[in-house]
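Using the sequences and the hints, build the whole thing.
These are the residues of each chain, in order.
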Amino acid sequence: MSIDKDTVKHISKLAKISLDEKKVDSLSKDLTSIMRFIENLNKLNTDKIEPLTSIINASLKSRKDEVVDGKIRDEILKNSPEKNEEFFVVPKVIE
Amino acid sequence: MSIISKLSLTEIINGIKNKKFSSEEITKEFIENSKKSKKLNAYITECFDEAIKSAKDFDKKKDYKGLLSGVPIAVKDLFCTKNIKTTAGSKILHNFVPTYESTVTNNLWSQGAFLLGKLNCDEFAMGSSNETSFFGNVINPFGEKLVPGGSSGGSASALAAGLTPATIGTDTGGSIRQPASFTGTVGLKPTYGRCSRWGIVAFASSLDQAGPMTNNVEDCALVLQAMSGYDPKDSTSADKKVDNYISNLTEKVKGLKIGIPKEYRVENMPNEIDNLWKKGIDYLKDAGAIIKNISLPHTMYALSTYYIVAPAEASSNLARYDGVKYGHRAKGKNLIEMYENTRSEGFGDEVKRRILIGTYVLSSGYYDAYYLKAQKVRQMIKNDFDKSFNDVDAILTPSTPSSAFKIGDKSKDPVSMYLNDIFTVPVNLSGLPAISVPAGYDKNKLPLGLQIIGKPFDEQTILNLSLAIEKRANFKKNLEVWWN
Amino acid sequence: MSKEKFDYFINGKKNKWEVIIGLEVHAQVLSKSKLFSSSSTKFGADPNTQVSLVDSAFPGMLPVINEFCVEQSVKTGLGLKAKINLNSIFDRKNYFYADLPQGYQISQYKSPIVGEGEVILDMPYGTKKIGIERLHLEQDAGKSIHDMDPDNSFVDLNRSGVALMEIVSKPDLRSPDEVNSYVKKLRSIMRYLGTCDGNMQEGSLRADVNVSVRKIGDKKFGTRCEIKNVNSIKFMQMGIEYEAKRQVELLEAGEKINQETRLYDTRKNATRSMRTKEDAHDYRYFPDPDLQPLKLDKSLIDKLKKELPELPDQKKERFIKEHNLSPYEANILVSEKEISEYYEKVIKESDKKLATNWIIVELFSVLNKKNLSISESPVSEKNLSSLIKMISSGKISGKIAKAVFEKMQEGDRDPNQIVEKEGLTQQSDPKELEKIILDVLSKNQDKATQYKSGKVKLFGYFVGEVMKASKGKANPKLVNDILKTKLK
Numbered sequence: 072m073s074i075d076k077d078t079v080k081h082i083s084k085l086a087k088i089s090l091d092e093k094k095v096d097s098l099s100k101d102l103t104s105i106m107r108f109i110e111n112l113n114k115l116n117t118d119k120i121e122p123l124t125s126i127i128n129a130s131l132k133s134r135k136d137e138v139v140d141g142k143i144r145d146e147i148l149k150n151s152p153e154k155n156e157e158f159f160v161v162p163k164v165i166e
Numbered sequence: 063m064s065i066i067s068k069l070s071l072t073e074i075i076n077g078i079k080n081k082k083f084s085s086e087e088i089t090k091e092f093i094e095n096s097k098k099s100k101k102l103n104a105y106i107t108e109c110f111d112e113a114i115k116s117a118k119d120f121d122k123k124k125d126y127k128g129l130l131s132g133v134p135i136a137v138k139d140l141f142c143t144k145n146i147k148t149t150a151g152s153k154i155l156h157n158f159v160p161t162y163e164s165t166v167t168n169n170l171w172s173q174g175a176f177l178l179g180k181l182n183c184d185e186f187a188m189g190s191s192n193e194t195s196f197f198g199n200v201i202n203p204f205g206e207k208l209v210p211g212g213s214s215g216g217s218a219s220a221l222a223a224g225l226t227p228a229t230i231g232t233d234t235g236g237s238i239r240q241p242a243s244f245t246g247t248v249g250l251k252p253t254y255g256r257c258s259r260w261g262i263v264a265f266a267s268s269l270d271q272a273g274p275m276t277n278n279v280e281d282c283a284l285v286l287q288a289m290s291g292y293d294p295k296d297s298t299s300a301d302k303k304v305d306n307y308i309s310n311l312t313e314k315v316k317g318l319k320i321g322i323p324k325e326y327r328v329e330n331m332p333n334e335i336d337n338l339w340k341k342g343i344d345y346l347k348d349a350g351a352i353i354k355n356i357s358l359p360h361t362m363y364a365l366s367t368y369y370i371v372a373p374a375e376a377s378s379n380l381a382r383y384d385g386v387k388y389g390h391r392a393k394g395k396n397l398i399e400m401y402e403n404t405r406s407e408g409f410g411d412e413v414k415r416r417i418l419i420g421t422y423v424l425s426s427g428y429y430d431a432y433y434l435k436a437q438k439v440r441q442m443i444k445n446d447f448d449k450s451f452n453d454v455d456a457i458l459t460p461s462t463p464s465s466a467f468k469i470g471d472k473s474k475d476p477v478s479m480y481l482n483d484i485f486t487v488p489v490n491l492s493g494l495p496a497i498s499v500p501a502g503y504d505k506n507k508l509p510l511g512l513q514i515i516g517k518p519f520d521e522q523t524i525l526n527l528s529l530a531i532e533k534r535a536n537f538k539k540n541l542e543v544w545w546n
Numbered sequence: 307m308s309k310e311k312f313d314y315f316i317n318g319k320k321n322k323w324e325v326i327i328g329l330e331v332h333a334q335v336l337s338k339s340k341l342f343s344s345s346s347t348k349f350g351a352d353p354n355t356q357v358s359l360v361d362s363a364f365p366g367m368l369p370v371i372n373e374f375c376v377e378q379s380v381k382t383g384l385g386l387k388a389k390i391n392l393n394s395i396f397d398r399k400n401y402f403y404a405d406l407p408q409g410y411q412i413s414q415y416k417s418p419i420v421g422e423g424e425v426i427l428d429m430p431y432g433t434k435k436i437g438i439e440r441l442h443l444e445q446d447a448g449k450s451i452h453d454m455d456p457d458n459s460f461v462d463l464n465r466s467g468v469a470l471m472e473i474v475s476k477p478d479l480r481s482p483d484e485v486n487s488y489v490k491k492l493r494s495i496m497r498y499l500g501t502c503d504g505n506m507q508e509g510s511l512r513a514d515v516n517v518s519v520r521k522i523g524d525k526k527f528g529t530r531c532e533i534k535n536v537n538s539i540k541f542m543q544m545g546i547e548y549e550a551k552r553q554v555e556l557l558e559a560g561e562k563i564n565q566e567t568r569l570y571d572t573r574k575n576a577t578r579s580m581r582t583k584e585d586a587h588d589y590r591y592f593p594d595p596d597l598q599p600l601k602l603d604k605s606l607i608d609k610l611k612k613e614l615p616e617l618p619d620q621k622k623e624r625f626i627k628e629h630n631l632s633p634y635e636a637n638i639l640v641s642e643k644e645i646s647e648y649y650e651k652v653i654k655e656s657d658k659k660l661a662t663n664w665i666i667v668e669l670f671s672v673l674n675k676k677n678l679s680i681s682e683s684p685v686s687e688k689n690l691s692s693l694i695k696m697i698s699s700g701k702i703s704g705k706i707a708k709a710v711f712e713k714m715q716e717g718d719r720d721p722n723q724i725v726e727k728e729g730l731t732q733q734s735d736p737k738e739l740e741k742i743i744l745d746v747l748s749k750n751q752d753k754a755t756q757y758k759s760g761k762v763k764l765f766g767y768f769v770g771e772v773m774k775a776s777k778g779k780a781n782p783k784l785v786n787d788i789l790k791t792k793l794k
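Residue numbers (the working numbering), protein chains in the order written: chain A, 72 to 166; chain B, 63 to 546; chain C, 307 to 794.
In case anyone wonders, no lab produced these hints; they're calculated from the structure.
Certain hints may be false.
As the list claims (entries may be wrong) - When the alpha-carbon atoms are kept at most 30 Å apart in a straight line, the in silico DSBU-like pairs for lysine-lysine are as follows:
id	chain 1	residue 1	chain 2	residue 2
1	B	K207	A	K132
2	C	K435	C	K322
3	A	K84	C	K449
4	A	K163	C	K574
5	C	K612	A	K132
6	B	K395	C	K449
7	A	K149	B	K153
8	C	K601	A	K132
9	A	K142	C	K399
10	A	K94	B	K302
11	B	K153	C	K399
12	C	K574	B	K395
Right under this line is the structure:
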């Protein structure tokens with residue numbers, strides 16, 4: 072399976088990573104070689120196998136419905152590259 | 063200057079307890095060593111002033127109750143440390159200062175240790191040579207031109223060079239065991255769920271595990287004891303009691319059945335690796351273990367499986383790095399542009415490759431053929447191990463297909479880099495515990511390790527077996543200091 | 307009341323079309339803390355004060371599920387008579403947006419917690435079953451505020467991570483009225499169960515509306531469009547009307563419908579295409595590796611079943627039987643749990659028929675005018691009962707009661723006190739009434755004579771005068787009887 076340049080561009084849009092033409096080129100080569108490497112899985116018949124759903128064979132642990140978190144706005148905003156006293160600030164989405 | 067060069071972690075702790083030396087003295091020595099060793103580029107963040115202060119405080123209080131009382135420890139920069147910069151080796155987190163402490167490092171500090179610094183690693187733990195870090199390559203103390211392995215390369219290098227008495231790393235496909243093998247140190251990946259993942263920068267959620275990296279097996283048991291335990295903040299954490307690895311540590315392994323999987327004898331396997339493996343078998347025979355040939359038929363599919371599942375999970379785990387809440391933010395005319403530029407500028411090439419592969423194998427039309435298929439093969443690989451463990455108590459294999467290679471040798475071809483993980487990856491896929499113990503040298507006098515894989519939550523057995531090998535292999539580091 | 311016929315169709319230029327509607331309702335789970343983190347879910351808090359490290363997706367953070375949210379969705383499933391899946395899986399739905407800090411939403415894709423169920427609607431043309439496809443649990447997103455700054459948006463993550471139940475209906479709805487009924491019924495069921503407060507102004511209930519059209523007689527479904535995120539029933543109805551007409555116009559002109567997502571523009575009363583959404587939103591669903599599969603114990607389901615309160619449909623049947631109500635009356639009285647409780651408290655102490663009428667007509671008129679819910683009623687159950695008791699006993703007339711009722715609303719006053727204070731007790735003493743009547747008749751002898759010679763309309767005049775003289779307190783029936791005898 073080869074990953075052509077259009078595919079690279081499409082995936083990079085999904086993954087929100089901008090790429091210049093040179094990068095698209097080299098990634099197309101790299102990703103194609105990785106996919107070729109991965110392809111040996113096709114040789115295996117897995118019709119009767121259930122996919123692995125959980126490494127730990129335990130049921131989902133839950134917690135009680137209590138409010139013991141939050142009210143830490145300063146901490147939450149502290150690391151943000153752009154913020155004001157109350158909000159994260161981001162460039163507008165174009166509608 | 064020479065107190066610590068010969069002492070293990072256990073000996074240092076005892077020495078502090080028995081007042082042979084103070085925590086401050088020890089800490090100053092490790093700091094000295096670290097300051098002189100910039101050539102290795104093992105550190106991303108030094109916490110030397112804070113460490114001295116902690117050492118002085120310790121010497122005043124003299125609280126010896128903890129397992130790691132009075133000891134400075136540097137940790138892989140993947141563990142979030144409160145108020146200390148945590149970068150994951152990436153530009154996108156180059157200025158991130160967590161306001162919280164990871165559960166595992168908190169466990170260490172609760173046992174009396176304190177932070178010496180944050181160690182370099184492959185970016186977001188993606189790599190096998192520590193050549194993908196935004197903060198530059200790490201050098202192997204065994205040779206100026208050699209890689210230390212990865213992704214916990216900074217940890218392995220610092221440990222081997224005596225910059226820290228012990229350290230912890232993370233292992234997703236071999237990132238503790240492979241660098242341990244390359245640097246002549248001991249590295250253990252616990253059973254999935256044995257240690258908490260809370261506060262560790264996530265790479266691949268179903269594969270990541272934190273683990274100890276030490277100079278000998280006894281130290282490894284000690285650090286493992288201190289790190290492990292159930293954490294209700296981590297839904298994948300195992301609610302299982304932690305054994306007393308230290309007090310149950312013994313080289314008495316008579317009668318234990320050791321499996322030798324034929325599929326690990328790969329094509330073009332270097333003679334040295336094969337010979338080392340044979341030596342390991344002899345050591346264990348000598349210790350009274352019973353050797354059995356076993357088959358893990360789906361071994362050859364493990365790397366492909368791993369390089370589908372791990373990137374898939376990573377592509378999703380790394381979606382949160384968008385410049386909004388923390389880390390690097392690039393300029394952009396609008397939100398989408400800001401995202402795209404931030405992530406383009408912030409992520410290195412290997413991370414980009416893996417995110418894109420991961421996105422691809424999850425995408426519409428490909429999910430069944432790749433991701434779902436990989437999870438099925440994963441189940442088959444796990445079944446292989448489960449079946450074998452009906453007949454044997456542990457499995458012995460080489461840790462790596464070679465000794466430390468040269469910087470730049472494999473960095474141009476991603477796939478050749480991936481082949482490094484061939485012996486270690488099946489273990490992560492199956493959630494099993496495994497240890498790498500240094501067992502010999504290759505013809506270039508570079509260290510080689512042997513891997514012991516155990517049953518789920520049977521870290522004790524693999525520790526004991528590796529102790530038996532350690533005693534017989536008599537591995538000496540024999541490092542000449544060139545990096546000072 | 308004769309049954310009407312269903313008659314909502316779009317009359318195109320060439321054909322008659324029916325409208326096919328399916329709803330995906332997002333109902334916020336009533337719980338104290340969020341689905342996978344322990345911050346508060348309270349409405350209206352200061353921005354970013356109900357946000358934890360997990361909610362804002364800091365490195366190394368992990369989800370831990372709220373067991374109460376699981377129970378709430380099981381209860382809702384039981385209320386929808388649906389199949390509860392003992393095994394379900396949480397999946398990641400991957401996409402990028404400012405209000406989605408993780409870059410993915412934890413949801414359920416192939417294995418939801420609740421399967422097929424149904425909701426029964428009472429329409430003027432009969433009862434109708436609306437099929438439920440499934441219900442699943444998922445995280446809500448935060449909020450982006452676009453109008454506080456010309457160049458930037460502000461992000462508030464308070465709502466990020468709050469538990470939502472997504473209830474997906476089968477495409478069984480056929481008109482805006484049915485949609486109105488359906489949403490109200492869903493809301494009522496959840497409020498009865500206490501699993502969602504259904505407060506649409508606060509955003510606890512919103513819906514994505516799927517609309518398609520087809521010619522009468524056609525069996526195949528047409529291409530549908532989705533109107534996203536509508537937070538009022540009125541807008542849902544208006545959006546459906548506009549969208550159905552738009553599609554009919556396009557189809558009759560020979561064009562195709564593009565399957566797309568649209569937004570309802572409240573100012574223009576129109577739907578428009580969402581240009582920012584990528585043509586194919588590839589969410590790359592996969593099971594969340596931070597969470598084990600959810601396994602429910604049958605004993606939990608049984609326990610929750612036992613603890614279920616009486617639901618609207620059951621209560622309606624019981625009301626019709628026990629309280630001799632018409633289906634119409636019963637429907638109104640069970641539409642909200644609080645109304646049914648109010649009603650049952652009132653009829654414990656006072657006459658059923660009067661109570662029914664007073665609540666449905668008089669009380670509701672006040673509540674509607676002042677835009678109050680029954681829990682905010684200016685008149686309590688106790689005092690309304692007292693009022694009705696006074697009517698039953700003849701202490702006051704129905705007319706006086708209405709005046710008393712008005713005064714009661716000022717601070718939920720006790721009607722007995724009002725009647726005492728203002729001396730409004732009905733005059734029912736025949737002797738006293740006779741005095742007043744004879745007095746009126748003597749003052750109006752000419753009119754009395756005219757009446758006796760055939761001007762029967764004057765009877766009302768005499769009644770009016772007696773009422774005036776008695777300040778409205780005369781017992782109307784007795785006045786009637788006595789007047790009649792005196793005018794013979």
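Now for the hints, and whether the structure bears them out:
Simply put, B:K207 and A:K132 have alpha-carbon atoms about 48 Å apart, too far for the 30 Å limit, and the pair is violated. Only pairs whose Cα atoms come within 30 Å are accepted, and C:K435 paired with C:K322 is accepted, the gap being roughly 24 Å. Distance check on the hinted pair: A:K84 and C:K449 sit about 24 Å apart at the alpha-carbon level, within 30 Å; holds. The straight-line distance between the Cα atoms of A:K163 and C:K574 is roughly 23 Å, inside the 30 Å bound, and the hint therefore holds.
At roughly 24 Å between alpha-carbon atoms, C:K612 and A:K132 fall within 30 Å of each other, so this suggested pair holds. Straight-line distance between C-alpha atoms of B:K395 and C:K449 comes to about 21 Å, which keeps the hinted pair within the 30 Å bound. Only pairs whose Cα atoms come within 30 Å are accepted, and A:K149 paired with B:K153 is accepted, the gap being roughly 18 Å. Straight-line distance between C-alpha atoms of C:K601 and A:K132 comes to about 10 Å, which keeps the hinted pair within the 30 Å bound.
For the proposed pair A:K142 and C:K399, the alpha carbon gap of about 28 Å is at most 30 Å, so the pair holds. Of the pairs offered as hints, the one joining A:K94 and B:K302 is violated, with about 47 Å between alpha carbons and a cut-off of 30 Å exceeded. Note on B:K153 and C:K399: the hinted pairing holds, with a Cα-Cα distance of about 27 Å set against a maximum of 30 Å. Restraint check for C:K574 and B:K395: the C-alpha separation of about 29 Å stays at or below 30 Å, so the hint holds.
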